[in-house]
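Novice: Listed below, chain by chain, are the residues.
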Amino acid sequence: MQILNQIADRLEQGEDAQVDELTRQAVGQGVPAADILNRGLLAGMEVVGRKFRDHEIFLPDVLLAAKAMYAGLAHLKPLLVADQVPSKGKVVIGSVQGDLHDIGKNLVGIMLEGAGFEVVDLGSDVPASRFVDAAVERGAPVIGMSALLTTTMSVMKDVINLIRERGLSDQLRTIIGGAPVSADFARDIGADAYGFDAANAVERVKDLVAAA
Amino acid sequence: MRRLLSFPPDAVVPSRAAVLAGQGIPEGAASERVGAILDQAIARFIDLAQPRAVCQGISATDFSSVYQGEGLNSDRTPVAEAARRADHLALFAVTLGQPVSDEITALFATSDLALAAMLDAVASAAADRAVDLLARRTLVDLAGNGGSPAAASVLPYSPGYCGWHITGQRRLFARLEPEEIGIRLNSSCLMTPLKSVSGVLLLGAPAIHDFSADFEPCNRCTTHACEIRSPMLREEEPDADPEPDR
Numbered sequence: 001m002q003i004l005n006q007i008a009d010r011l012e013q014g015e016d017a018q019v020d021e022l023t024r025q026a027v028g029q030g031v032p033a034a035d036i037l038n039r040g041l042l043a044g045m046e047v048v049g050r051k052f053r054d055h056e057i058f059l060p061d062v063l064l065a066a067k068a069m070y071a072g073l074a075h076l077k078p079l080l081v082a083d084q085v086p087s088k089g090k091v092v093i094g095s096v097q098g099d100l101h102d103i104g105k106n107l108v109g110i111m112l113e114g115a116g117f118e119v120v121d122l123g124s125d126v127p128a129s130r131f132v133d134a135a136v137e138r139g140a141p142v143i144g145m146s147a148l149l150t151t152t153m154s155v156m157k158d159v160i161n162l163i164r165e166r167g168l169s170d171q172l173r174t175i176i177g178g179a180p181v182s183a184d185f186a187r188d189i190g191a192d193a194y195g196f197d198a199a200n201a202v203e204r205v206k207d208l209v210a211a212a
Numbered sequence: 213m214r215r216l217l218s219f220p221p222d223a224v225v226p227s228r229a230a231v232l233a234g235q236g237i238p239e240g241a242a243s244e245r246v247g248a249i250l251d252q253a254i255a256r257f258i259d260l261a262q263p264r265a266v267c268q269g270i271s272a273t274d275f276s277s278v279y280q281g282e283g284l285n286s287d288r289t290p291v292a293e294a295a296r297r298a299d300h301l302a303l304f305a306v307t308l309g310q311p312v313s314d315e316i317t318a319l320f321a322t323s324d325l326a327l328a329a330m331l332d333a334v335a336s337a338a339a340d341r342a343v344d345l346l347a348r349r350t351l352v353d354l355a356g357n358g359g360s361p362a363a364a365s366v367l368p369y370s371p372g373y374c375g376w377h378i379t380g381q382r383r384l385f386a387r388l389e390p391e392e393i394g395i396r397l398n399s400s401c402l403m404t405p406l407k408s409v410s411g412v413l414l415l416g417a418p419a420i421h422d423f424s425a426d427f428e429p430c431n432r433c434t435t436h437a438c439e440i441r442s443p444m445l446r447e448e449e450p451d452a453d454p455e456p457d458r
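Going down the list, the protein sequences come from chains A and B.
Under the working numbering, the first sequence has 91 at position 91, and the numbering climbs by one with no breaks.
Numbers in the working numbering are just positions in the second sequence, counted from 1, shifted up by 212.
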């Protein structure tokens with residue numbers, strides 16, 4: 001369908017006003033919301049994500065495309081809810097308690113939404129219990145944690161311990177990231193995955209959701 | 213001696229290349245549109261930034277007590293080695309003020325994502341540049357007081373890096389009191405405003421900053437960029453001076 005290709009193409013170029021208008025037109029033409037989402041917005045973001053991984057485009061280009069995606073999504077969200085269209089999965093994310101840095105966490109959230117996931121962003125300075133409570137309440141199988149300080153990395157382990165204490169290890173998977181965090185640290189504290197950057201985090205979340 | 217300083221915002225604006233590099237963009241690879249976003253971010257930064265610094269000389273003995281912190285430092289660190297060999301030491305803190313951080317948060321909230329991330333990159337590089345300017349000013353002051361900066365270099369070292377545990381912030385803050393320029397420390401030793409830098413300036417012959425020794429924190433470091441942190445070692449010329457508050 002031509003309009004869906006146009007949406008994907010304009011999204012790749014980060015033309016948010018055009019994506020906004022084209023999405024509005026597509027809805028008006030009766031194109032199913034799920035098709036507009038999957039074959040328009042997410043198709044465009046998939047190309048953007050691939051180009052970013054391959055270093056053909058850079059972070060600002062991705063963020064311009066993400067803004068365009070949000071412009072289109074604003075038209076679709078009520079329709080997707082009404083049609084009960086499922087997302088690729090829910091992910092709870094946040095910067096751990098004591099840490100106010102949120103740029104990296106924001107980028108991961110944007111990239112996850114661009115890959116079709118529903119993101120529950122708890123913000124920054126999030127206590128361990130709030131991660132677990134939110135995941136249970138919202139039915140999210142994955143918790144993503146970010147830390148930029150060595151002093152706050154330990155909260156990641158608190159979250160994992162809390163999941164074990166509550167007997168939720170079979171239901172919840174964890175992924176961690178942030179400047180001081182490493183794959184070794186993830187293994188040491190029992191995290192299920194480590195994302196070394198936003199694009200890599202999306203790939204690891206896909207793996208976790210597929211394995212859940 | 214304790215000094216409070218202010219910088220004109222445009223004096224700490226980093227080079228375009230430094231900002232783009234902070235976003236993983238090689239020189240010459242940015243599109244025209246990305247260049248326009250960078251221009252916008254720099255203009256916004258100049259409108260909002262309130263760069264200030266506090267700097268206070270400290271003896272090697274007193275610094276040793278500050279550096280000890282809560283006893284969590286690595287065993288052998290470049291900070292401790294360089295401090296022992298430095299001719300002069302000064303605690304410092306630099307901040308760009310809260311409005312820049314508030315603007316970044318607001319831009320993300322309104323989905324102006326590219327500008328938000330670019331302003332964040334501008335501010336991060338600007339904070340480093342403010343430390344550079346402060347370091348230069350410190351060398352100039354030293355010369356004015358009969359020191360001999362001709363062969364001197366200065367490097368900033370901060371808690372959280374180079375084996376100096378971040379909990380060292382607590383003693384540094386107790387000694388320096390950067391609250392006077394609006395910087396606060398939270399329970400996890402994080403500074404607010406977020407775009408703030410604290411630490412110690414170590415002045416002396418370039419050889420005191422010798423990172424060829426096999427320091428364990430250096431082995432774990434992913435940047436290996438210590439030398440280029442120093443404007444002196446980069447042999448750049450300053451293009452602005454901070455203004456004394458008093």
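Source of the hints: derived by calculation from the structure; they are not laboratory data.
Just so it is clear, the structure is predicted and the values come from calculations on it, not from any experiment.
For glycine and all other residues, C-beta sits at the position ideal for the given N, C-alpha and C.
Please note that a few of the clues may not be correct.
[Said to hold, decoys possible] Just so you have them, the derived chain A footprint on chain B, three or more residues with Cβ under 8 Å:
| no. | stretch |
| --- | --- |
| 1 | 252 to 259 |
| 2 | 304 to 312 |
| 3 | 371 to 385 |
| 4 | 400 to 407 |
Novice: Evaluate each hint against the coordinates.
Specialist: Status of each hint after checking the structure:
no.	hint	verdict
1	252 to 259	violated (count 0)
2	304 to 312	violated (count 0)
3	371 to 385	holds (count 4)
4	400 to 407	holds (count 5)
Comparing the model with each earlier hint shows violations of hints 1 and 2; every other hint is respected.
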